[in-house]
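I would like the entire structure built from these sequences, with the hints used as guidance.
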Amino acid sequence: MHTMTSRFSAPSGELKWRKDFDTVDDQLHDMHHRDDDGIQWPKFRRSKTLPVLGVFVVVLIMWKIWPAKTSLDWSRYAYVQYATDEHNLCNALMVFEALERHGSKADRVLLHHPEWATRAEGGVDHNSDILTRAERNYRVKLKAVQVLDSRGDVSKAVLNGQPSTWDTSVTKLRAFELTEYERVIMLDSDITLLDKIDELFLLPKTPMAAPRAYWMNTAPRPQPLTSLLMVLEPNKAEFSTMVDTMRLWHFEDSDRNVTGMYDMELVNNRFAPSALVLPHRPYALLTAEFRNKDHYAYLGTANGPHTVKQAWNAEQVLAEAKLIHFSDWPLPKPWMMWPEEGLLEMQPDCESSRQQCPERDIWKQLYIEFRERRKKVCRTLPIEAPNWMEWKVAVGASEAPQESE
Numbered sequence: 001m002h003t004m005t006s007r008f009s010a011p012s013g014e015l016k017w018r019k020d021f022d023t024v025d026d027q028l029h030d031m032h033h034r035d036d037d038g039i040q041w042p043k044f045r046r047s048k049t050l051p052v053l054g055v056f057v058v059v060l061i062m063w064k065i066w067p068a069k070t071s072l073d074w075s076r077y078a079y080v081q082y083a084t085d086e087h088n089l090c091n092a093l094m095v096f097e098a099l100e101r102h103g104s105k106a107d108r109v110l111l112h113h114p115e116w117a118t119r120a121e122g123g124v125d126h127n128s129d130i131l132t133r134a135e136r137n138y139r140v141k142l143k144a145v146q147v148l149d150s151r152g153d154v155s156k157a158v159l160n161g162q163p164s165t166w167d168t169s170v171t172k173l174r175a176f177e178l179t180e181y182e183r184v185i186m187l188d189s190d191i192t193l194l195d196k197i198d199e200l201f202l203l204p205k206t207p208m209a210a211p212r213a214y215w216m217n218t219a220p221r222p223q224p225l226t227s228l229l230m231v232l233e234p235n236k237a238e239f240s241t242m243v244d245t246m247r248l249w250h251f252e253d254s255d256r257n258v259t260g261m262y263d264m265e266l267v268n269n270r271f272a273p274s275a276l277v278l279p280h281r282p283y284a285l286l287t288a289e290f291r292n293k294d295h296y297a298y299l300g301t302a303n304g305p306h307t308v309k310q311a312w313n314a315e316q317v318l319a320e321a322k323l324i325h326f327s328d329w330p331l332p333k334p335w336m337m338w339p340e341e342g343l344l345e346m347q348p349d350c351e352s353s354r355q356q357c358p359e360r361d362i363w364k365q366l367y368i369e370f371r372e373r374r375k376k377v378c379r380t381l382p383i384e385a386p387n388w389m390e391w392k393v394a395v396g397a398s399e400a401p402q403e404s405e
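Numbering (full-length UniProt numbering) for the sequence shown: 1 to 405.
Hints should not be assumed to be uniformly reliable.
[Said to hold, decoys possible] With a straight-line Cα cutoff of 20 Å, these simulated SDA-like cross-link-like pairs (lysine to any residue) come out:
{"id": "1", "residue 1": "141", "residue 2": "203"}
{"id": "2", "residue 1": "322", "residue 2": "203"}
{"id": "3", "residue 1": "333", "residue 2": "279"}
{"id": "4", "residue 1": "333", "residue 2": "239"}
{"id": "5", "residue 1": "196", "residue 2": "319"}
[Claimed, not checked] Simulated restraints, written as ranges between beta carbons of each label pair:
{"id": "6", "residue 1": "274", "residue 2": "294", "range": "27 to 33 Å"}
{"id": "7", "residue 1": "245", "residue 2": "311", "range": "28 to 34 Å"}
{"id": "8", "residue 1": "154", "residue 2": "235", "range": "31 to 37 Å"}
{"id": "9", "residue 1": "114", "residue 2": "203", "range": "29 to 35 Å"}
{"id": "10", "residue 1": "313", "residue 2": "247", "range": "29 to 35 Å"}
{"id": "11", "residue 1": "312", "residue 2": "276", "range": "36 to 42 Å"}
Source of the hints: derived by calculation from the structure; they are not laboratory data. Glycine included, every Cβ here is placed at the ideal spot set by N, Cα and C.
Listed below in structure tokens is the structure:
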């Protein structure tokens, strides 16, 4: 009897089941009511409707404000150029023209010699024209700064048409003083910019990002950072420390002369262990690469397995590049005409068995196009070609011939 009661006699469970069923039935019945015309309408309960309505309102508000919160304020970022003589002043204008043509959204800043002035400021020379057009046509913010040399001292930029010396390149480090920006991209001006590189402003937070100087053979140590492209977070303390370092180097080592240490050494002294390394493909292609016989350094296949080896394709390399740096020492920079002997000596060496030589064609065309853009943008003709043998002696590529007794 006990067993039968436990299996079939469950009045409390049955009552609970019936009660739950009745509750659901009542709820379904209450959800609808009829109006005077007999039309049945849903009857919403406050306890269930308000939470749903609240979620809807929150989603609507978030949708309305989301674009404003996620849109990028490009005024917090800037491309920076510096000009210590009238040649790299023109080059800087060409870089700004390229940024405008390629649709860059970031600000543009030119650090220039304090003696230069726009037309509106009373300037009357060609430099004034360039500054005026930079400001008017390419939305460049002009900032006069004192030019520095590698001793950390104020230097007088060359204003007589001659190129300034390499030691004034440390002036580019004044980009660290632009603390009104969250991040800036400092570019050398002896380049051709084939596309904007705005994406570098969105890198993970880091004080410094730069490519490695892939062309330098420093094995087994990694190549140093190159300063031809630097993505940096402005910090005046960083600049002051670098100036102090320059002065210390000059004071402590008598073997270092006035042109012994440049911006690249300073950048590596400070950031080599910690910088975010950018790929040199596509951000740092040298014109000299088209003269090389081996391209493993640029292709990044050194010491790699055979399966990652890549065939060199000059057209493909050019197509993927965003920045090309003119570097074919001792050949003069592209704003100076080629000495005929220098061109024959330095141009890419094409094998006689090859019917086509894209390396030479590309290399020469890069120089030709630079001069054409320089004429168009700066309204300036290239400098006359120097005597090749005298030029090589002047830049330290060969010794001066001995005079016969």
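Status of the hints after comparison with the structure:
1. 141 x 203: 24 Å, violated
2. 322 x 203: 17 Å, holds
3. 333 x 279: Distance ~25 Å between residue 333 and residue 279 Cα, so the pair is violated.
4. 333 x 239: With a Cα-Cα distance of about 29 Å, the restraint between residue 333 and residue 239 is violated, given a limit of 20 Å.
5. 196 x 319: 14 Å, holds
6. 274 x 294: 27 to 33 Å: 31 Å, holds
7. 245 x 311: 28 to 34 Å: The hint (28 to 34 Å, Cβ to Cβ) is violated, given that residue 245 and residue 311 are roughly 44 Å apart.
8. 154 x 235: 31 to 37 Å: 21 Å, violated
9. 114 x 203: 29 to 35 Å: 32 Å, holds
10. 313 x 247: 29 to 35 Å: Cβ of residue 313 to Cβ of residue 247: about 47 Å, so the range 29 to 35 Å is violated.
11. 312 x 276: 36 to 42 Å: For residue 276 against residue 312, whose Cβ atoms are near 28 Å apart, the range 36 to 42 Å is violated.
Hints 1, 3, 4, 7, 8, 10, 11 from the earlier list are contradicted by this structure; the remaining hints agree with it.
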